[in-house]
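*Asks:* Sequences are here, hints too, so could you generate the full structure?
Listed below, chain by chain, are the residues.
Number of protein chains: 4
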Amino acid sequence: MEGIKRREHAEIFVLGKRVDDVTAHPFLKPSVKSFKATFDAAFEEDTRGLARAYSPFVGEEVNRFVHIHQGPEDLVAKVKLLRKLSHKTGTCFQRCVGWDALNTLYVISGKIAEREGRKEYLNRFIEYLKYVQKNDLALAGAMTDVKGVRTLRPSEQPNRDAYVHVVEEKAGGIVVRGAKANITGVAVVDEVVVMPTRAMTERDAEYAVSFAIPLDTPGVKVVVGRQINDGRRLEGGEIDGLPYMFNHEGLLILEDVFVPWERVFLYKEWRWAAQFVEVFSNYHRQGYAGCKSGLGDVIIGTAHGLARQLGIADKPHVQEKLTEMVFLNEAIYSAGLAASWEARRLLKNGGWWVDPMYANVTKHLVARFPYEVAKLSHDIAGGLLGTAPSEADLKNPELRPLLEKYLQGVPEFTAEERLRMLRLLENTSLSVAYLVESVHGAGSPQAQRISIQRVYDFQRAEAIARRLAGLKAEASGDARAEPRRPAEAEK
Amino acid sequence: MEGIKRREHAEIFVLGKRVDDVTAHPFLKPSVKSFKATFDAAFEEDTRGLARAYSPFVGEEVNRFVHIHQGPEDLVAKVKLLRKLSHKTGTCFQRCVGWDALNTLYVISGKIAEREGRKEYLNRFIEYLKYVQKNDLALAGAMTDVKGVRTLRPSEQPNRDAYVHVVEEKAGGIVVRGAKANITGVAVVDEVVVMPTRAMTERDAEYAVSFAIPLDTPGVKVVVGRQINDGRRLEGGEIDGLPYMFNHEGLLILEDVFVPWERVFLYKEWRWAAQFVEVFSNYHRQGYAGCKSGLGDVIIGTAHGLARQLGIADKPHVQEKLTEMVFLNEAIYSAGLAASWEARRLLKNGGWWVDPMYANVTKHLVARFPYEVAKLSHDIAGGLLGTAPSEADLKNPELRPLLEKYLQGVPEFTAEERLRMLRLLENTSLSVAYLVESVHGAGSPQAQRISIQRVYDFQRAEAIARRLAGLKAEASGDARAEPRRPAEAEK
Amino acid sequence: MEGIKRREHAEIFVLGKRVDDVTAHPFLKPSVKSFKATFDAAFEEDTRGLARAYSPFVGEEVNRFVHIHQGPEDLVAKVKLLRKLSHKTGTCFQRCVGWDALNTLYVISGKIAEREGRKEYLNRFIEYLKYVQKNDLALAGAMTDVKGVRTLRPSEQPNRDAYVHVVEEKAGGIVVRGAKANITGVAVVDEVVVMPTRAMTERDAEYAVSFAIPLDTPGVKVVVGRQINDGRRLEGGEIDGLPYMFNHEGLLILEDVFVPWERVFLYKEWRWAAQFVEVFSNYHRQGYAGCKSGLGDVIIGTAHGLARQLGIADKPHVQEKLTEMVFLNEAIYSAGLAASWEARRLLKNGGWWVDPMYANVTKHLVARFPYEVAKLSHDIAGGLLGTAPSEADLKNPELRPLLEKYLQGVPEFTAEERLRMLRLLENTSLSVAYLVESVHGAGSPQAQRISIQRVYDFQRAEAIARRLAGLKAEASGDARAEPRRPAEAEK
Amino acid sequence: MEGIKRREHAEIFVLGKRVDDVTAHPFLKPSVKSFKATFDAAFEEDTRGLARAYSPFVGEEVNRFVHIHQGPEDLVAKVKLLRKLSHKTGTCFQRCVGWDALNTLYVISGKIAEREGRKEYLNRFIEYLKYVQKNDLALAGAMTDVKGVRTLRPSEQPNRDAYVHVVEEKAGGIVVRGAKANITGVAVVDEVVVMPTRAMTERDAEYAVSFAIPLDTPGVKVVVGRQINDGRRLEGGEIDGLPYMFNHEGLLILEDVFVPWERVFLYKEWRWAAQFVEVFSNYHRQGYAGCKSGLGDVIIGTAHGLARQLGIADKPHVQEKLTEMVFLNEAIYSAGLAASWEARRLLKNGGWWVDPMYANVTKHLVARFPYEVAKLSHDIAGGLLGTAPSEADLKNPELRPLLEKYLQGVPEFTAEERLRMLRLLENTSLSVAYLVESVHGAGSPQAQRISIQRVYDFQRAEAIARRLAGLKAEASGDARAEPRRPAEAEK
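Chains as they are written, first to last, in our numbering: chain D, 14 to 504; chain W, 14 to 504; chain Y, 14 to 504; chain P, 14 to 504.
Where hints are given, some of them may not hold.
The list treats identical chains as one, so a pair stands whether inside a single copy or across any two.
Below 25 angstroms or equal to it, Euclidean Cα-Cα: the simulated PhoX-like pairs (lysine-lysine) are [claimed, not checked]:
1) K281 / K418
2) K183 / K132
3) K30 / K418
4) K418 / K485
5) K49 / K485
6) K18 / K485
7) K234 / K132
8) K485 / K42
9) K18 / K42
To be clear, the hints were calculated from the coordinates, so they are not data collected in a lab.
*Replies:* Shown next as structure tokens:
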């Protein structure tokens, strides 16, 4: 349980240059610190209860971030842990995708074993899981392909590599090529778990692969992405220079990378691609209840602090806005709790999965409410949020007394306190982690809408309505009394 | 378990006239049928699992609507049962207020016993509960006083009777006077449980009373209220004449009504009034997750059916709207599930209560989303929703062939099917049960906002933010690691 | 200028029965009164300035409701007049569709004359217009066909009569058949102007007709539609019995109706159908700024009155809600003013039309905000909105003193004042005129979205963006500096 | 008409350091370029018609940005010009506050002359205006004081300088002290017009001052504020390094600054402070219709371009989102047009002012819709908005071919085009100009709500409702037929 290492053997690029030590680079340090919080959580007093779990696979307690859920309580613990960790980091801590990938691989390889009697994938995965759990590895999960022309299937693309695919089969394993975008935490992890990103047809078979590789595998390149406001990281400084944790996301490029068979968890299994994506997505959508409501708490707390600094925390319209922020934030969280408590088992002996309706409702709320919370926080903070002087101004001896005098609200708080809270609000409420990720993480809003539409049983609702309207059931059998079960819920 | 009786001895007024048999009156029959569904639920195949529960008080299974919750599962079963019952009734079934009143009385009388050693209220209540459970009685819960000048306390009102109060203490009991408004189902129940409606001060002591009385107690008058579209109930007819179930609400007037001591559950206990209201309100707010999402299903199903009749169910913008309706509806439900699963115990041995944050979030969502769902359903239904001919037109031999020809959409459905679905939508999406009650039931939106504001720990959120901003904890001790507990959560 | 007559020779059906005198029937009287307000407006002191206009066609002042707009000021006067009239009626006054039909016919027949040199339609229309203006006739405009299968064109329908069409051409005129739905005011007007409802192809030519007929033309049947709460009109009574004005809408059935050539304004002109609909729709969408904001005023005023009756008008959260209602209401109105002031000329010498973007924005706001205004009004009004006793209860001598005591809020207002205001709110905020019509009138929301999408110049916006991004203009010529003009804006 | 100069004599601080040449500093250059667009507009072909106006004060055409509005058409031209200029700058061009200050000073000094016969302020102002118009000066308007404790009046503050005030009266003029926050464009202008920021009482008289000073007046310090993402300006580069125009805002500190009498336009005129603020605010709120809808166009165009790059521009859900963005954007603009066309005259011979209701509606829409537009644009753009590689990565020869391959969508567009459009979207949709300023510019949302509440005539609305409810007018005279006029509308 050592946490994040230098990754000196991996090909990682930041702002066009190769990085030798991710733990030291000003662009990546904030992300390393945020990742570290997931390791520390298992040892800190206020989180260790949530952050540890007993793994039947290795027969001991493991960090929850590498745990396979053993029941609804584990799924509930997930969202509760994520909310608490957000309070410590103020950003995404980047370890959920890998965690959700592990649980998805367990379910899918398990289902292939159950349904088709092919236990090879499951056996390989269990071995890999033990290795991950024993070493408390940091994993990235890589799902989103770069996709080229969005309206074409993988096999129809003008660019054959627009989706990651197998280019060669060797005795010892396979060779893969392609790129995955928006990969959270990818530049600092031990390993990357690669997954298919969409439903496939037989013609897309070479694209239906899942596997795990160490980050420093030959042929792997990582190009770290930019985030709003990141230029300030280069400035240094303890107020303006982003002395925060941040997540990072990046482009993962696989140039003919060799993967040994024991690390291949799906190979041309195009029939299982759709369910793979569905299982993963819903795990990940559920998780947003925790991390995004945790960020919401930070923003609410900052807004509350700024309101107190201005002496307006008791004004009715400010209380209205604070209450509205809480309401929106807790609505997100409550949907995630429902998705967790209403968990279902996908395998005969486990494979605990979230309720897909509430998981999608969670994420869809996340795709809407944070912009509203951000707006309300800006409203309370005042225009200075967009116009406050710099840390360097505050430190300039000629300006400091003037700024101390003019930036102060009520006398109980200093100008520096105001500036620090404004900067925190700027870098949380206008962050990629709180806005863009809330829209696109775990699938864009349209993906949730498609899921919601598919999970809901419209025919049954119509049959209920027809009965109340005094109409007979339709011949097509719409009168079934019980709701349709999602296809993937086998048990 | 006989259900609703004639109530010939009670003084019930409908449209200015005394009613002799509530089961026969065209205004009340729809309500009686809806009430009946709660009794039938314990016997019908698809609901009996949810609608029965083992009561330790009488040592046997009882109808869940008179059950004291024994754990989170019971609270979850409540919202699931309510959703299912809404599918059968298409309206409020009116038995939740009484049920929530029983659970509240159990908690409050239990807390008085635990905290102050006074077991009299608890003992009286347990005896009453056994009577109710054994006879599966229909109860109304009466909380909302008429309130006079809203900004004044009970004891400050120009009209001393603006809140129900004790006017005399006798050897065998008390005499009470006042009126309660918006009392759901009040004209058809066996008994009414009267509760205080707000926090009190010592000067309001005479208003801090709770008791139960049979509906036909001398001095009790019930004036049944009007609802939008109710005039059609007087018309008869199987399409237009509201052949639906409806709830009713009414004004309960108590003119110097005698209540024997064994039916008095709180007497001048002004210190307990605030908590009484809080416990009750949150039970009731949680319940709305079930009944209102069930109504939402009916409206979604009706809109889906109408879209199919017009041949537009597959159009992208119609699917967007249907999906949005589902999303809004399931968001309501998921908050209610969270409120239930995250239940807490208020007594040493029970008194299982909902999570107050999620219960308030539930109700606040209910106070917003149904108007949006209604609007979307109207959008899909088409303008004919507000202009469709009458049932009598359809039955006029001269008009019938014309209407059959011109009201038909796709040939698979008849004009009558269209008319029936339009009428159903009119009477659900524009109903008091779905709109006005969704705003005001279990407290108006402002009441939830006040609760949300009180339950949320702003100081803790601010402390989290300060830490992230690099600021020290404030001297006032805002750095506590754990969230504040609601005052009422004793265990 | 006599207003509405008995229409004893027309075949009008209400609740399945033929009506002899529309001015006396309890279902239609409220509508007749509302229509009358449009005639009276030209004579009442506070409206005559707005309600009269000089017509160059007849060389004298006419009622504005039959006026052809002569400039932007006339279009502005339209929305201002409509807002004022809504204050007098509290509902739709039903004369706008006919008015907009006149203006549309003027534009389209004028364009045919200008573009194609065919002046016959224009000449016929001018003669008809003079007749209408001189006699101040009440006109209904009939556009919406019943449409059968929504996804099929008129000529593709299984029911050939699903759209109104020519079935025979005679020497003196044409014979038409079909039905038009949702026709506002149709049962009480002098004449009906029939218009095509959608874009047509050559195969739909027989459906591309427009004409005017007196209501009592042989073969014409009108089936008056139902509205929410209409059953109470049959009760009588001055509080509950809907002593209000209401609009009505109905189904217009044309069974082989003969129309003389001089009343035919479009005959198989399928090429002009699309533009006809566009011109009409935007006139009508603009108008909603006036009438719906006027209804909004009524609802705001009612909510304000009820808040004062309860003593809560000064509470911050009530003021927030009232202010929000005003904001939403004035947003609607301001969009309509913009659509009017930014009018454009469609003919060389007139044909003043609204700006299509702002007209569509107006209507799209109308399709959203009234539900929100209604919800806020219900929030302020309190639950009694859905539970108040009946007028008959109030008049029952046994109940009256009790109700006077218990329904009173602050002493300055009586229980009857409260009841009257609650009933008014019920019948405005939950009315077809304020809700369903706001969604569907002048085209459902999707129709506005299609218009908005077509009017906006996305290519130009993208060219602006490319320039700012440092990219060259695309070869396809997206760099045009000026916005695209809507196809129909000829001048 | 030379535009922006170096300002080498002014004390301007950026990131803690004194700036010698604002036209060369990487932080201020983008702002200088944006300012320049306002000068160029009077000469460029597509804007010169809008950007020039005839000034009766100097008897010749002037740049509209220093023009006193002579009628509604001038106010309309203002919003149209602002929209067009936003297309050229992609940000705020910073000259409106000064312009609105001129118009406000004209109205207020004119009213003092008309009402009280004191023409001194007006005469001084006219002389100043001529100077500004003849030299086409760049002006900042400084209204918002730093305010200290928000709930206290100026004279009650613990920090006496929390509002700008007169500290000494001399023979030749006055000496002022204090600071103004959020001053748009302040570091690069010729002159600053200082205005009072709130209603005053007699005890606040020393704070009720307005005057103009050159930026390089002794005692004036400007501290330029930070904006989200500004760190990148220090990087250089033509894609990432913010090669855009930006506005800037800053803190204006006045340390005992001397102002000669001829530049003092209000002196201790506490009675006029409230109206001053009202007149100014509404001018400024109206303007947002133009500039923010122009920014909206840029964002819509960028989203449209990105959708085309991904091949999804024709997908129904993308079209829904683009249409929604247009609708929201045009709603803002149409309210501003209404505020302009419905202008009113505040002086006997001019002083044309906006309609206060629609101006407030405009700004209130601006305070809400941009966050929604931003969210929709992020939805369309895809997650790469928050994760795209840097310009330096694209220029790295090892990475370039990989990025060109993997960032490309449809083959018609290059990876660089995608990156440029993503960066543009990042820097417009997440900018201070589009978000924080939209909330706080021209007063925070609560300020508009207070205005809306005050302008709307609730009593009249209630009187309308009472009449419809069959109630008599209240004795208090609520029956007035005409709406209340805003206090400030004298003519």
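*Asks:* Are the hints correct? Go through all of them and say.
*Replies:* Comparing the hints with the structure gives:
Taking the closest pair of Cα atoms, K281 and K418 come within 25 angstroms of each other only across two copies (24 angstroms); inside a single copy the shortest separation is 67 angstroms, beyond that limit. When the C-alpha separation of K183 and K132 is checked against a cutoff of 25 angstroms, the pair qualifies only within one copy, where the shortest distance is 21 angstroms, while the shortest distance between copies is 80 angstroms. Taking the shortest alpha-carbon separations for K30 and K418, only the inter-copy value of 19 angstroms comes in at or below 25 angstroms, while the best intra-copy value is 43 angstroms. In this assembly of identical chains, the alpha carbons of K418 and K485 lie at most 25 angstroms apart only when taken from different copies (21 angstroms versus 77 angstroms within one copy).
Proximity of K49 to K485 under the C-alpha cut-off of 25 angstroms is restricted to the inter-copy arrangement: shortest distance 22 angstroms between copies versus 61 angstroms within a copy. Proximity of K18 to K485 under the C-alpha cut-off of 25 angstroms is found in neither arrangement, the shortest distances being 67 angstroms within a copy and 30 angstroms between copies. When the C-alpha separation of K234 and K132 is checked against a cutoff of 25 angstroms, the pair qualifies neither within a copy, at 32 angstroms, nor between copies, at 73 angstroms. Taking the closest pair of Cα atoms, K485 and K42 come within 25 angstroms of each other only across two copies (23 angstroms); inside a single copy the shortest separation is 66 angstroms, beyond that limit.
Taking identical chains as interchangeable, the C-alpha atoms of K18 and K42 lie at most 25 angstroms apart only when both belong to the same chain, with a minimum of 11 angstroms there against 42 angstroms between chains.
The structure fails to meet hints 6, 7 from the earlier list, while all remaining hints are met.
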